[in-house]
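J.: Next come the chains, spelled out residue by residue.
4 protein chains.
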Amino acid sequence: MLSIPDLKPEKHYNAVGILTSGGDSSGMNPAIRSIVRAALNSGVKQVFGVRRGYQGLVSDDITLMSSRSVTNIVQKGGTVLKSARCPEFSDPSVRDVAARNLSSRGIEALVVIGGDGSLTGAHILCQEHGIPVIGLPGTIDNDIPGTDDTIGFDTAVNTAVEAIDRIRDTARSHERLFLVEVMGRNSGFIATQVGIACGAEMVVVPEYAFDFHDLCITLAERHSKGQGSSGIIVVAEGRDPDLTHRLAAQLKAQGQDPKISILGHIQRGGSPSGHDRMLASCLGTAAVEYLLAGYSDIMVGVHKGAIVDVPLQRVIEEKKVLDRKLFDIAALLHK
Amino acid sequence: MLSIPDLKPEKHYNAVGILTSGGDSSGMNPAIRSIVRAALNSGVKQVFGVRRGYQGLVSDDITLMSSRSVTNIVQKGGTVLKSARCPEFSDPSVRDVAARNLSSRGIEALVVIGGDGSLTGAHILCQEHGIPVIGLPGTIDNDIPGTDDTIGFDTAVNTAVEAIDRIRDTARSHERLFLVEVMGRNSGFIATQVGIACGAEMVVVPEYAFDFHDLCITLAERHSKGQGSSGIIVVAEGRDPDLTHRLAAQLKAQGQDPKISILGHIQRGGSPSGHDRMLASCLGTAAVEYLLAGYSDIMVGVHKGAIVDVPLQRVIEEKKVLDRKLFDIAALLHK
Amino acid sequence: MLSIPDLKPEKHYNAVGILTSGGDSSGMNPAIRSIVRAALNSGVKQVFGVRRGYQGLVSDDITLMSSRSVTNIVQKGGTVLKSARCPEFSDPSVRDVAARNLSSRGIEALVVIGGDGSLTGAHILCQEHGIPVIGLPGTIDNDIPGTDDTIGFDTAVNTAVEAIDRIRDTARSHERLFLVEVMGRNSGFIATQVGIACGAEMVVVPEYAFDFHDLCITLAERHSKGQGSSGIIVVAEGRDPDLTHRLAAQLKAQGQDPKISILGHIQRGGSPSGHDRMLASCLGTAAVEYLLAGYSDIMVGVHKGAIVDVPLQRVIEEKKVLDRKLFDIAALLHK
Amino acid sequence: MLSIPDLKPEKHYNAVGILTSGGDSSGMNPAIRSIVRAALNSGVKQVFGVRRGYQGLVSDDITLMSSRSVTNIVQKGGTVLKSARCPEFSDPSVRDVAARNLSSRGIEALVVIGGDGSLTGAHILCQEHGIPVIGLPGTIDNDIPGTDDTIGFDTAVNTAVEAIDRIRDTARSHERLFLVEVMGRNSGFIATQVGIACGAEMVVVPEYAFDFHDLCITLAERHSKGQGSSGIIVVAEGRDPDLTHRLAAQLKAQGQDPKISILGHIQRGGSPSGHDRMLASCLGTAAVEYLLAGYSDIMVGVHKGAIVDVPLQRVIEEKKVLDRKLFDIAALLHK
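Residue numbers (our numbering), protein chains in the order written: chain P, 641 to 975; chain D, 641 to 975; chain X, 641 to 975; chain V, 641 to 975.
Treat the hints with care, since some could be wrong.
No copy is singled out in the list; a pair is fine if it fits within one copy or between any two copies.
Said to hold, decoys possible - Straight-line C-alpha distance at most 25 Å; calculated DSS-like pairs for lysine-lysine:
#	residue 1	residue 2
1	685	651
2	648	965
3	685	648
4	685	965
5	944	960
6	944	965
7	716	899
Since the hints were made in silico from the structure, they are not lab data.
Next up, chain P with everything else stripped away, as it sits in the complex (with noise of 0.2 Å):
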């Protein structure tokens, strides 16, 4: 259960931007849900939704929202402003043509839900253009420093932990070994969670180095227990592309039979869990409340159980850092 802060409103907007911008996350259509419904009920005038991230804000292609265009989208993965990569928002001409595109419609701020490059462009546009601007992490991959949490994370870990639930009737019955590479980009947040939820035999990051004569050990040991030699390997894409196959290989020289599962893009999608509803539909109502109490250039997210606000400057240069501790423990459960 989150803690939200008490915030007092100083500022009055008439009209607010929202976009979601960078890899679609679940989650992000309760988020802007809530922002809309948040933002009408505390007397902002108009909410307009800027459509396929900053693309949208440099061609223009935003619309009116209501209470109503946000009904019983709640439950659906995805995010109904669509998300689209913009790499020409890094020229400053192009930022330029953005911010005009936001005056000549009289939007006052702007609430962007993505990833850290989808908030380095909120932070560059209120830096050179003055517009307020609230980021709200949105991302299954969960490196976001300065959250605990991310919007999307949760449901990607339980489609994930459903889908090796699913592999491991088939390595049961077959007494096989299995590498399943998850998401995660260079980050090993969802390969340790899901990795300890569903009791892998090993998790593989690209934080911690990976001992590969420590698995073989592993694996003799828990055959030589009875465990028998079927097991599941987590693996985190990571910045090697062809680590998972290179284990395989390994193993195979090894004597072992190793099967590859790669899940992929099953792990963005799917309706959100309950969590990340809860998550999204707090954060949402929390950006409004920080933006109406005047706040600007921050990410509203999760820290030690409450909502808090992180300078966006300093989710840009930090890096979030995977608990050695909780990595351990998955070490620890399999034996």
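Since chain P is already given, all that's left is putting chains D, X and V on it; use the hints.
T.: Then chains D, X and V, alone, in the frame of chain P:
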């Protein structure tokens, strides 16, 4: 992501017992698994499973467990140790039998997973017989003081959310109002989280007064805004078993034609969510660490994103409060 | 895999209407989608959606549909055309209004998706006003004569099966007996399929006499075989709304302590199963083909693995029989 | 609802063996359960489970089963008897060992659940050693001649459909084209059913020529109709392991930017659907009835909604054909 304390082992136990008691909750099995494995990996020589809660303690229904005996249970609902009510445990002479059974097998400490009744039993056993006990919060209701989260809550919320998503299909197709009763004993934690997650039109909980007139206005407003006459009202079961039906009767008297759905026992079981498996695995590991660090008569729970210890005395005496701010968000977002 | 008849188009229709009526069932949306697209792809110029069943026909709540207007509905529960009861449709003068509304928009034929009441309405409209109609069996109850399967049955069974799997976790953990009431109106098709699929200890259906004494023997036998005192009894709702509670009372009088779970409305909605989407897509396509081949006053259903046409007259007059052999398998397999 | 033949018991067997072989499929467990219970309830004295398919027959890895040993497996994916490939079974001297192992335990007949390779093994064993065998079609691929359905097909379709529903969220949010590869060995049954159920823009199967030019036109048409540039192309794995990647390359050359998702092993496991549990329960029961009626060297399958027997010889020699009409519906409905 949970933060886990660093504890130094100070004590040695030859044999430890585990017991699940009270209503089963999803995640008890990964908790059992992590306690067994963490204990055996930390030098505890024997781990015993007590079957059927305190009843098994009294009837000496106790079996030796091994790392292998908890293989492939991480994904299973319910509790492999089974559970039962044991009203006779309130009799001191019955507790004497329990203590003798533990001592006759050389069981030196006990980890109890359950709700407040179960934790009360553990506290008394510790006080009376000097048996070191560690409690873990295992209940779908999330109503245990001293911990922000309980094993089984997240899964129960997800199950209720999925069920209500289905009901909403019918509610929208027929433009009907549904009263959906969720579990939660005397508290509204499940109802509030589910209500927010499902975009319910109203949430009724035991903690906060409910204004029937207000509900009528809300329904009328929605109607006039064109949000349709379909809707979901989430009702916590609470102390009054007739509340949901009485509410339906009141709404009928106002010209509405509400349908009732009592979600009931489907909320308890089912494969635990990724979150609950993670929580249970971390709490189980921590329970062993606290025990070996010399702690006793405590519950190991979660507070502000960290694993913490709480005196069982406090757990028994206090009442957990449902955050008003959170509850208000449910009301805010349906508008 | 369904076998689909080869039909030659013999007729041309400029405009066709679609209507969903009665209790919603999961798969109505893919049926709507396939009717719209099959019609437009077969030369029908306009497809109209009638909203709220026969009520919309009477109140002229009719909208033009396009291929695009049924995009992304294949996975949605309920019916985008909405449904309603319309008791006044039994009045001939009301049906005259309906017929005039169709004719004033140039709608020359109607496809009706629904249960027996809905198909009766279609038949009378056809008989009285000469409007060509094709019916599709859309009900979770699978109680429509002339077809082995109905749109929504498979999804409802899966939902009930998943719910009972959850309940079984609790039943086994607490060694309790559960009475689970499933839908099915006056028939036991859902109960029988669910009972077999869940390994229920007993299935109670309206079609076959139920021997309470036999149940007591079964429970005693299971107990003596060491199969435990937990168990699931699946009860079809049937005509007697008190049956489940009365059964529970009888069991209590025998010293059992059964719990009751009424699955209720969660069985209706939810994303349609693969089977129901396939069935709905094929039936919808076939409905258009039968219409264009000159058929009318028929239901398009499934018999012996093939898509068939059945006179609506027969659908209305007959009663579908629950195969005794199938019912007996449920009893056989719990032993 | 399956129609089940009436067969009179003509033979008596003291002991019967069960074996699952080849790739596991969801529903093998309810099949095992129903064979064990139907046999014991029909007067067979002993039922033996052969572990690890034909490998266990050769290595004498055979255990006695009881009604209780199949309790609570009806809902489990995979096979509790485990499965394995056994290439050495093609050696007659190895089959001699298998036959001796059966005879030394007094096992007089064998029920084999698996795909075509497994059923071929059963046929040869019967021919060579006169051992009565009954085969059941257990494979997710639904590619067994003589039966319209196989144990595991429906569950695999549902799993793939749910996965693609998730992918569609991302496809629509990002307006991207996805190539999703599903299982099915050399046949397109899974791909076709999944393609129709998901409203795929195109289905590529080994049975029917695929016109790349046609796909480009379809995508262009959809674009011009405003149905967006997002889309799902379902590709059966087929004989050509590079097909999906080659298709992606061709689409890239045309200016598209498709993403690839290989669903892989998640399609095999998971709790069986209601349909597969029902099918497996009925086929398992029928297998025992056919055996006791004196049948041998047959597969018990489903044809035109009825349970039927098919000579194993025919199963081995024929090739199951994917209905062209059904395949065409997939193409028809995306328009």
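J.: Decide, hint by hint, whether the structure agrees.
T.: The hints, checked one at a time:
no., hint, result
1, 685 - 651, "within (13 Å within a copy, 55 Å between copies)"
2, 648 - 965, "between (39 Å within a copy, 14 Å between copies)"
3, 685 - 648, "within (18 Å within a copy, 57 Å between copies)"
4, 685 - 965, "between (48 Å within a copy, 24 Å between copies)"
5, 944 - 960, "both (15 Å within a copy, 18 Å between copies)"
6, 944 - 965, "both (17 Å within a copy, 17 Å between copies)"
7, 716 - 899, "between (33 Å within a copy, 21 Å between copies)"
In summary, this structure violates none of the numbered hints.
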